[in-house]
Amino acid sequence: MSSSTLKKPVVHPIWLRVTHWLNALAVIIMILSGWRIYNASPIFPFRIPSEWTLGGWLGGALQWHFAAMWLLFLNGLVYLLFNTASGRLWKKFFPLRPTEVIQDLFKALRGKLQHDALDHYNAVQKLAYVSVILDLILLVVSGLAIWKSVQFPLLRELMGGFDNARIVHFCAMAFLVAFIVVHIIMVALVPRTLLAMLRGR
Amino acid sequence: MFKKTLNSTLDTESILKDARSELALPSRRLFAKRALTLGGLSLLTGCNITDEPSVNRMLERISRMNDGVQGWLFDPKRLAPTYTQAEMTRPFPFNAFYSIEEVPEIDGSDYQLEVTGLVTNKRPWTLEQLHKMPQNEQITRHICVEGWSAIGRWGGIPFSYFLQQIGADLSAKYVDFQCGDDYHTSIDMPTALHPQTQLTLTYDGQILPPKYGFPMKLRMPTKLGYKNPKHITSIEVTNKYPGGYWEDQGYNWFGGS
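As you go down the protein sequences, you meet chains V and U in turn.
In case it helps, numbering that gives the first Met the number 0 puts the first sequence at residues 0 to 200.
In case it helps, numbering that gives the first Met the number 0 puts the second sequence at residues 0 to 256.
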């Protein structure tokens with residue numbers, strides 16, 4: 000680092016960057032293998048093109064899905080533990096006020112939303128990140144209800160029964176995919192955020 | 000404190016600069032978009048990764064680990080939900096690794112169920128003898144590994160009772176099933192002793208039709224469909240891991256729900 004550059008503060012601590020990228024890997028494996036599993040018995044009148052899927056066949060896709068679930072679950076647990084214990088969760092995402100979300104959303108749509116600093120999230124970002132955390136929790140819970148519908152009767156009933164748990168699981172996946180698309184577009188528009196997630200500042 | 004403020008100002012400016020230059024150059028944005036798509040594509044074609052033997056071995060090992068986890072999660076007293084006759088799925092779907100035209104026709108009159116392995120009474124059983132054993136009935140959900148499910152009404156012998164009749168070693172690890180349609184699967188002893196595990200002889204009050212596994216199937220609402228063998232011809236109690244038709248190809252062995 001040259002002497003003219005000031006040492007910038009760390010925006011993302013190392014545990015956050017590690018869990019972010021492990022989560023990205025787990026989520027990609029879960030989605031692509033999940034699409035293959037979905038194709039074995041679609042709940043909606045369409046199939047996912049098989050060249051977009053992972054696993055080669057149903058058995059292979061299930062092996063990927065039930066391997067990556069451990070990465071998703073354990074990594075998610077580590078992330079939530081660090082995030083709550085460090086107080087970062089509250090500091091970064093709250094307060095989250097609906098009026099601010101609406102204001103920032105209109106600003107963003109008119110291209111007037113400023114990225115004040117990488118270490119501060121605007122209201123739309125806050126909402127998106129909190130939503131995707133909750134969505135991932137819903138994916139794990141609905142997935143557990145599908146995988147172990149007999150052993151976890153409470154989860155099964157919470158999801159409205161076995162068949163309904165599959166619909167919940169699919170819709171939560173669709174939300175996650177929509178998040179990823181927007182997330183990647185935003186990163187492409189502000190590439191410095193990618194650097195920050197790689198090197199911390 | 001001052002330093003921090005200064006830094007965030009710098010950040011703001013550089014971000015704005017970045018953003019402006021990005022917006023000013025539509026070609027760059029287009030390139031970035033294409034790069035993302037290309038990246039996405041190269042990732043997606045990564046399904047070849049499944050053909051890699053080392054990757055397959057790792058997935059196989061994790062699948063066996065998941066067998067252990069499921070065995071640990073399995074509560075031998077927890078019952079699968081039961082349903083009313085009105086909730087039955089009609090018609091109950093036929094499903095096998097072959098088409099419905101290829102369903103084996105087994106002659107019930109000279110049929111014998113073989114019993115082998117760690118059992119004290121190895122004499123085979125005729126259908127008549129089996130029908131004379133105490134029977135019960137269940138209306139339960141059959142969940143297929145593919146994701147669909149269907150509710151059916153099954154009648155037969157509680158399998159734990161049958162295991163006691165043949166003097167099975169109940170501390171053995173596995174029960175293996177060989178079938179008249181060249182199918183083969185095996186289950187863990189705790190599931191074999193589960194109160195809803197049934198040596199099924201009837202469907203919806205009628206003798207089990209060929210398409211559902213005449214003369215008998217094993218019905219377990221605590222396991223996925225492929226763990227429920229049809230046209231059973233022989234049962235073996237064993238401590239040697241027996242595998243199964245689908246399990247040997249990669250389906251999870253425990254296959255519990």
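None of these hints come from the bench; they were simulated from the model.
Treat each hint with caution, since some may be false.
Residues from chain U shown here face chain V by an in silico Cβ test under 8 Å; the list is partial [stated by the list, open to error]: (1) Asp-74; (2) Ala-79; (3) Thr-83; (4) Ile-142; (5) Val-144; (6) Tyr-250; (7) Ser-256.
Just so it is clear, the structure is predicted and the values come from calculations on it, not from any experiment.
The C-beta atom is built at its ideal place from N, Cα and C for all residues, glycine as well.
Here's how the hints hold up against the structure:
Because the smallest distance between the Cβ of U/Asp-74 and any Cβ of chain V comes to about 6 Å, under 8 Å, the interface hint for this residue holds. Annotation: interface hint on U/Ala-79 holds; nearest CB of chain V at approximately 5 Å, less than 8 Å. Below 8 Å, beta-carbon pairs count as interface contacts, and U/Thr-83 has none with chain V, the closest being about 14 Å; its hint is therefore violated. Annotation: interface hint on U/Ile-142 holds; nearest CB of chain V at approximately 7 Å, less than 8 Å.
With its C-beta approaching chain V no nearer than about 7 Å, U/Val-144 sits inside the 8 Å limit, and its interface hint holds. Here the hint on U/Tyr-250 is kept, as its CB sits about 5 Å from the closest CB of chain V, short of 8 Å. With a cut of 8 Å, the hint placing U/Ser-256 at the interface with chain V holds, because the nearest CB-to-CB distance is about 5 Å.
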